[in-house]
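Modelling step: build the complete structure from the supplied sequences, incorporating the hints.
Protein chains: 2
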Amino acid sequence: MHFTRLWEEITDLVDRALDSFLPGAEEFPRTIHEAMRYSVFAGGKRIRPLLLILTTKLFSEEWRRSLPVACALELIHTYSLIHDDLPAMDNDDYRRGKPTAHRLFGEAMAILAGDALLTLAFALLCGQEDQNNEYYTAYRREVPPAVKLQIIGEMAGASGVRGMIAGQVLDLEAEGQTVAVEMLNDINARKTGALIVAAVRSGALLGEAPAGEMQLLSDYASLLGRGFQIVDDLLDVEGNEKKMGKQKGMDKKRNKATVVSLYGVAEAKKLRDNLYAEALAELFPFGKKADALRKLTRFVFYRDY
Amino acid sequence: MHFTRLWEEITDLVDRALDSFLPGAEEFPRTIHEAMRYSVFAGGKRIRPLLLILTTKLFSEEWRRSLPVACALELIHTYSLIHDDLPAMDNDDYRRGKPTAHRLFGEAMAILAGDALLTLAFALLCGQEDQNNEYYTAYRREVPPAVKLQIIGEMAGASGVRGMIAGQVLDLEAEGQTVAVEMLNDINARKTGALIVAAVRSGALLGEAPAGEMQLLSDYASLLGRGFQIVDDLLDVEGNEKKMGKQKGMDKKRNKATVVSLYGVAEAKKLRDNLYAEALAELFPFGKKADALRKLTRFVFYRDY
Numbered sequence: 055m056h057f058t059r060l061w062e063e064i065t066d067l068v069d070r071a072l073d074s075f076l077p078g079a080e081e082f083p084r085t086i087h088e089a090m091r092y093s094v095f096a097g098g099k100r101i102r103p104l105l106l107i108l109t110t111k112l113f114s115e116e117w118r119r120s121l122p123v124a125c126a127l128e129l130i131h132t133y134s135l136i137h138d139d140l141p142a143m144d145n146d147d148y149r150r151g152k153p154t155a156h157r158l159f160g161e162a163m164a165i166l167a168g169d170a171l172l173t174l175a176f177a178l179l180c181g182q183e184d185q186n187n188e189y190y191t192a193y194r195r196e197v198p199p200a201v202k203l204q205i206i207g208e209m210a211g212a213s214g215v216r217g218m219i220a221g222q223v224l225d226l227e228a229e230g231q232t233v234a235v236e237m238l239n240d241i242n243a244r245k246t247g248a249l250i251v252a253a254v255r256s257g258a259l260l261g262e263a264p265a266g267e268m269q270l271l272s273d274y275a276s277l278l279g280r281g282f283q284i285v286d287d288l289l290d291v292e293g294n295e296k297k298m299g300k301q302k303g304m305d306k307k308r309n310k311a312t313v314v315s316l317y318g319v320a321e322a323k324k325l326r327d328n329l330y331a332e333a334l335a336e337l338f339p340f341g342k343k344a345d346a347l348r349k350l351t352r353f354v355f356y357r358d359y
Numbered sequence: 055m056h057f058t059r060l061w062e063e064i065t066d067l068v069d070r071a072l073d074s075f076l077p078g079a080e081e082f083p084r085t086i087h088e089a090m091r092y093s094v095f096a097g098g099k100r101i102r103p104l105l106l107i108l109t110t111k112l113f114s115e116e117w118r119r120s121l122p123v124a125c126a127l128e129l130i131h132t133y134s135l136i137h138d139d140l141p142a143m144d145n146d147d148y149r150r151g152k153p154t155a156h157r158l159f160g161e162a163m164a165i166l167a168g169d170a171l172l173t174l175a176f177a178l179l180c181g182q183e184d185q186n187n188e189y190y191t192a193y194r195r196e197v198p199p200a201v202k203l204q205i206i207g208e209m210a211g212a213s214g215v216r217g218m219i220a221g222q223v224l225d226l227e228a229e230g231q232t233v234a235v236e237m238l239n240d241i242n243a244r245k246t247g248a249l250i251v252a253a254v255r256s257g258a259l260l261g262e263a264p265a266g267e268m269q270l271l272s273d274y275a276s277l278l279g280r281g282f283q284i285v286d287d288l289l290d291v292e293g294n295e296k297k298m299g300k301q302k303g304m305d306k307k308r309n310k311a312t313v314v315s316l317y318g319v320a321e322a323k324k325l326r327d328n329l330y331a332e333a334l335a336e337l338f339p340f341g342k343k344a345d346a347l348r349k350l351t352r353f354v355f356y357r358d359y
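Going down the list, the protein sequences come from chains A and B. When we follow my numbering, the leftmost residue of the first sequence carries the number 55, and every step to the right adds one. When we follow my numbering, the leftmost residue of the second sequence carries the number 55, and every step to the right adds one.
One or more of the hints may lead you astray.
Copies of one chain are not kept apart here, so a pair can be met inside one copy or by any two copies together.
Here are the computed lysine to aspartate or glutamate pairs in the DMTMM-like style, where the Cα-Cα straight-line distance is at most 25 Å [to be verified]:
| hint | residue 1 | residue 2 |
| --- | --- | --- |
| 1 | Lys310 | Glu81 |
| 2 | Lys307 | Glu161 |
| 3 | Lys99 | Glu116 |
| 4 | Lys349 | Asp327 |
| 5 | Lys324 | Glu267 |
| 6 | Lys302 | Asp286 |
| 7 | Lys296 | Asp240 |
| 8 | Lys324 | Asp358 |
| 9 | Lys297 | Asp147 |
What the hints contain is simulated information worked out from the structure, not anything from laboratory work. The structure displayed is predicted, hence computed values, not measured ones.
Rendered as structure tokens:
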């Protein structure tokens, strides 16, 4: 329960910081701000912000400085979901039990809300604006300019055309095609893994981690990213629709290659268990101080939503 | 002709730098890289890069350091055109005489190519990658981290939900509506003006301009931005379709409020002439060294495409 309290404390603070960084829903022009807020507060699990902050906490108790970066991550993640859900892409009507942004606000507004969230992420990361925001002060004052630039590099790289966007392109192109397992791993590493790796690496940069530990954590994050995707694919077959807030069986319906469709449920679970063990092994050298991160790892690998 | 040579030298260098920063068209996954390159090299006038570099040149001959920022500007500008042209937005089939990105590559790829260009702009600005690129070295080595962060702030602010994106939202919402002139000016300031102001301000930051001159140049840039939009609106009524590479009369067809539709052609031209004089007045204190910028200003206000 001690972890649950920490977890809640962090996600609560992230939500309050997100609320403070987003333009007010009443602010002119309203529609786009409503669309941005709707998607950001549509029930995300905040796994990336938690990962980032728990990684910083491995090295430093000064983790409030990580809040704006945690928010930027969540903004980038949300933008990617909004654009992925569009009719021209995956054409999803529901996510987390709620209508997707384009269903509610129209396609144009959904595209623009996504664009705006991505841009806001970089505005936050550069540390230039919103001078009086209490959630921003530690980042602005304590994180050196060179580290801010490194973090922007991590985020732009992970979400760019060699990372997340390439993943989405390959995913769209692979629909209905036979996909080899190497290709599938590559798609998933880019589509899901890259931003998770960027979360952990940025957390380590903010904690001023030494180079050796940075490498361990990068390896940990890749394993976690692979596990994350396999669990998503398993949930699409076995999950509880009510708890997930979305329809099962979409991968099959779309004829989408996943680890589950290639190997079957039993093998996919074995692979997940192996990846879990490998991920924990990377955390081993950190001893007890990585317990919160272990708990989060367990959640990612064995979640039911 | 001396200006024309300088102009060509700059745009030529910007094009070569853009080519070097964009992923190769043959690079995997190809489609998205082709779409990005197609739109970036579809015949843009490179006005924003020129503005930025000529502004740096007011203060320093070391303007090669401005090249990556000039490219980032053009990437952001191109992303905004791709997304504005989408069926859900302005639904344009042609731009500069060529099919728009979504006509050629499909809607999904156009959305993703826009996303990728925006993200690449910030990747460039943070100065972290592409260490061996000759067009990048001066920016990476000579521009202090704090200035890089300021420039990222200018760009993210100008293209974000309080700048360009708000402009596009308001523009979409205003279609077919009666719009007061104050609102119209506000829309144009955000949609067109903000990125032009960011170009000039970033150019001044890169030239280490003193605060007083920064203010003059910001004012100059707002006037230029207003003029730019009025000329666009005039061309939509009076322009040469062949030279422009697009159909005239689209504003009227869309029932779109513009300065021309509110005041008529003759008044719009008077307003343009006044703005031109005011813009030049802001450049007056810079004397002869602003001659190239004056020439560009004249082009922006009296261009026929």
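Going through the hints against the structure:
1. Lys310 - Glu81: Classified as between; 24 Å across copies, 41 Å inside a copy.
2. Lys307 - Glu161: Answer is both: 23 Å inside a copy and 22 Å across each meet the 25 Å cutoff.
3. Lys99 - Glu116: within (23 Å within a copy, 48 Å between copies)
4. Lys349 - Asp327: within (15 Å within a copy, 67 Å between copies)
5. Lys324 - Glu267: neither (28 Å within a copy, 65 Å between copies)
6. Lys302 - Asp286: Within one copy, since 11 Å is at most 25 Å while 50 Å is not.
7. Lys296 - Asp240: For Lys296 and Asp240, neither the intra-copy (31 Å) nor the inter-copy (46 Å) Cα distance is at most 25 Å.
8. Lys324 - Asp358: Classified as within: same-chain Cα gap 17 Å, cross-chain 66 Å, threshold 25 Å.
9. Lys297 - Asp147: within (17 Å within a copy, 43 Å between copies)
Against the hints set out earlier in the document, violations occur for numbers 5 and 7.
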